[in-house]
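Peer 1: Next come the chains, spelled out residue by residue.
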Amino acid sequence: MRIEFKNVLPIPLADTPLSAESCWKKETLIDSGQRYLVEAPSGTGKTTLINIIYGARQDYEGVVLMDGKDIKCFSLDHWSMLRQEFLSAVFQDLRLFPQLTALENIRVKNNLKSTLKEREILSMAEELDVAHRMNQKCGTLSLGQQQRIAIIRSLAQPFRLILLDEPFSHLDEVNAKKACIMIENACLKNEAGLLLTSLGPSSYFNFTGKISI
Amino acid sequence: MLNRLLFAHQKPAQLIVAVFGALIGLLLLLGALQLYFDFRAVLNGNSDLSKPQYLVINKEVNLLNTLFGGQKGFTENEFASLREVKGVRDVAPLTSSQFPVSVSMGGGVMEGMPGMATEFFFEAVPDNFVDVDAEDWQWHEGDSLVPIILPRDYIKLYNFGFAPSQGLPQMTEGIVKLARFNINITDKSGRRIVYQGKLAAFSERINTILAPQSFIDFANEKFAAAKKGSIEPNRVIIQCEGPATAELADYFAENGYETSAEALRNSKLNSFLQVLMYIVVAVGLVIIILAMFVFLLYSQLLVSKSNYELETLIRIGYNYKTLGKIYVKYYAMIYAGIFVVCIPALWLPKMWFQSYMQAKGFELPPGLSSTVIVTGLCFTFLFLAVNTWSVFAGLKRLAK
Chain A
15 MRIEFKNVLP
25 IPLADTPLSA
35 ESCWKKETLI
45 DSGQRYLVEA
55 PSGTGKTTLI
65 NIIYGARQDY
75 EGVVLMDGKD
85 IKCFSLDHWS
95 MLRQEFLSAV
105 FQDLRLFPQL
115 TALENIRVKN
125 NLKSTLKERE
135 ILSMAEELDV
145 AHRMNQKCGT
155 LSLGQQQRIA
165 IIRSLAQPFR
175 LILLDEPFSH
185 LDEVNAKKAC
195 IMIENACLKN
205 EAGLLLTSLG
215 PSSYFNFTGK
225 ISI
Chain B
3 MLNRLLFAHQ
13 KPAQLIVAVF
23 GALIGLLLLL
33 GALQLYFDFR
43 AVLNGNSDLS
53 KPQYLVINKE
63 VNLLNTLFGG
73 QKGFTENEFA
83 SLREVKGVRD
93 VAPLTSSQFP
103 VSVSMGGGVM
113 EGMPGMATEF
123 FFEAVPDNFV
133 DVDAEDWQWH
143 EGDSLVPIIL
153 PRDYIKLYNF
163 GFAPSQGLPQ
173 MTEGIVKLAR
183 FNINITDKSG
193 RRIVYQGKLA
203 AFSERINTIL
213 APQSFIDFAN
223 EKFAAAKKGS
233 IEPNRVIIQC
243 EGPATAELAD
253 YFAENGYETS
263 AEALRNSKLN
273 SFLQVLMYIV
283 VAVGLVIIIL
293 AMFVFLLYSQ
303 LLVSKSNYEL
313 ETLIRIGYNY
323 KTLGKIYVKY
333 YAMIYAGIFV
343 VCIPALWLPK
353 MWFQSYMQAK
363 GFELPPGLSS
373 TVIVTGLCFT
383 FLFLAVNTWS
393 VFAGLKRLAK
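Residue numbers (this note's numbering), protein chains in the order written: chain A, 15 to 227; chain B, 3 to 402.
Just so you know, these hints were derived from the structure itself, not from any lab. For each residue, glycine too, the CB sits at the ideal point set by N, CA and C. Among the hints, a few may not be true.
Calculated pairs, DSSO-like style, for lysine-lysine (alpha carbon to alpha carbon, straight line, at most 30 Å) [said to hold, decoys possible]: (1) B:K331 <-> A:K83; (2) A:K127 <-> B:K307; (3) B:K323 <-> A:K151; (4) A:K127 <-> B:K331; (5) B:K398 <-> A:K83; (6) B:K402 <-> A:K40; (7) B:K327 <-> A:K86; (8) B:K398 <-> A:K86; (9) A:K86 <-> B:K323; (10) B:K327 <-> A:K131; (11) B:K323 <-> A:K83; (12) A:K86 <-> B:K88; (13) A:K20 <-> B:K402; (14) A:K86 <-> B:K224.
Here chain B is said to cover these stretches of chain A; the calculated rule only asks that three of the stretch's residues, wherever they fall, bring their Cβ under 8 Å from a Cβ of chain B [unchecked claim]: (15) 18–24; (16) 120–130; (17) 144–154.
With the Cβ distance kept under 8 Å, some of the chain B side facing chain A (calculated, not the full set) [said to hold, decoys possible]: (18) R6; (19) L8; (20) T314; (21) K331; (22) A395; (23) L400.
Generate coordinates for the entire structure from the input sequences, incorporating the hints supplied.
Peer 2: See below:
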């Protein structure tokens, strides 16, 4: 999967001065086989970049091509297909359902493509040290626990590119490492690439590319 | 699990109000329709709404006619425009006999009756306007027996008015039908021709003495004095598609035509009922439309209250159509429930009403009218269609 940014500028950033190496207003290629780090201070449009790729916002100038096709022309049906089989994401605001249990939150996603077996979900939870919280309502979990649930959920689908929007911001070093390995393995299994946003330099993955904003 | 997300912010009270509104609206609307159909059936005297009704009309006789002579008949134009009036199926003139005729009887079967004779007249209408078996109502040139139809009122007049005062026995219709009498016609040259008369039937349809059209045509041709110009018929019989309509009554009034008030009273009652039904149907419609709005608001509220859940589901890959279908299924079940409750809620009172009316001597068509059921179904589907549209529009907005 090739994602090309051609002269893209999010409308909210129109009045903000851009740095010389910023990816906005330029030609940028994101290849689903690679691992990208998007490193920038907050407020420069990291989440916007992820949302544009994920089809969650369209308020930008320029053109984004996915495998040569303008993503603004994709139908809603096409987007839901992409989000089920090609694009996965851990959102910065997690987007869990507080009234469902941790396990149910993962199931809601997993039901779409039945990617993981119940047993696999539980062993992943075990690995990230949230197995004992699986039947607890998500709303009552700590942010760190919620973040781990969101990571497991993002792996409960096939994908070619996983978008990780500051996925370890509430995790301690040990758990972040474990989650990192889990994502790494899933990427290998899916032959997928990843795109991680971070406030500062990150050493979690062996990045092959860097996108500046 | 999905249901728990989609209906997370459901307010049962609102749903109950909406369901009650829709139920009451639908009941009122369908109940009014059903009552209207039932009453129309009763008014028409039978349950067959399509059975034609007959009206005999004439022009008003006023002082001018009397003083200056020449009761005006119905012209060809008037015939043509009568045929155009809504609800009129056929129009025919009443042909009256143009020759002096008397009827006499005495002796024979009517032993004990005094011989009697009276001046008489006949009128004729085309055979298809007559409610007598065709074989009893035939006359061909050369036949000496002429069938006659008398208004049923005549035998009542005799039995309850004339007979008691004269000390005569009362007679049944059967006995009267056995009677033979002489029809004495005096032709233009003063010659007397005698035919045998026989009562074929008593009629409530046409208030006159009827002889077959073929006989009257023949006799007018043969016996009547020279015609004074063309003779326009004074009375006209009208076959209506159903009970006389208000339009017909208005048309008569405008043109100065008279008919028996009884026939038109039904038309007035009918139009009164129609107005009444319109009012109840209108009230039912208003309630239904209000209920539809409540449902619309309810479904929009449900979608907007579950904004986060829906948006997130779409975000993680759910198709908005999949989610919409869950809502639509839910509303379909509610509406089907309303319809299913509505039918026995109308049917049971109808059963009771039917037996009540039957005890009073009115025959109602059994069960619910199919129009009522179809109307109910239509509204159920309309509700669902409107709601489906609103749900999908809301979800699509979220998905974008």
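Peer 1: Verify the interface restraint on L8 (chain B): the C-beta must sit less than 8 Å from at least one C-beta of chain A.
Peer 2: violated (11 Å)
Peer 1: Can you confirm whether the C-alpha distance between K398 (chain B) and K83 (chain A) stays at or below 30 Å?
Peer 2: Holds, because 22 Å separates the two Cα atoms, which is no more than 30 Å.
Peer 1: Hint check: K398 (chain B) vs K86 (chain A), CA-CA at most 30 Å. Holds or violated?
Peer 2: Within the cut-off at roughly 15 Å; holds.
Peer 1: Are K327 (chain B) and K131 (chain A) close enough, with their CA atoms no more than 30 Å apart?
Peer 2: The hint holds at about 27 Å.
Peer 1: Run the distance test for K127 (chain A) versus K307 (chain B): straight-line Cα separation, threshold 30 Å.
Peer 2: With a Cα-Cα distance of about 28 Å, the restraint between K127 (chain A) and K307 (chain B) holds, given a limit of 30 Å.
Peer 1: Taking only the CA atoms, is the gap from K402 (chain B) to K40 (chain A) under or equal to 30 Å?
Peer 2: holds (26 Å)
Peer 1: Closer than 8 Å between Cβ atoms is the bar; does L400 (chain B) clear it against chain A? Give me holds or violated.
Peer 2: violated (10 Å)
Peer 1: With the threshold set at 30 Å, check whether the alpha-carbon distance from K323 (chain B) to K151 (chain A) stays at or below it.
Peer 2: holds (27 Å)
Peer 1: Given the hinted pair K20 (chain A) and K402 (chain B), is their Cα-Cα distance within 30 Å?
Peer 2: holds (22 Å)
Peer 1: Examine the region 144–154 of chain A: at least three residues should have C-beta closer than 8 Å to a C-beta of chain B.
Peer 2: Check failed, 0 qualifying residues.
Peer 1: Does the alpha-carbon distance linking K86 (chain A) and K224 (chain B) stay inside the 30 Å limit?
Peer 2: violated (96 Å)
Peer 1: Regarding the hint that A395 (chain B) lies at the interface with chain A, is the smallest CB-CB distance below 8 Å?
Peer 2: With a minimum Cβ separation of about 13 Å from chain A (threshold 8 Å), the hint on A395 (chain B) is violated.
Hints 1, 12, 14, 15, 17, 19, 21, 22, 23, counting from the list given before, are not met by this structure.
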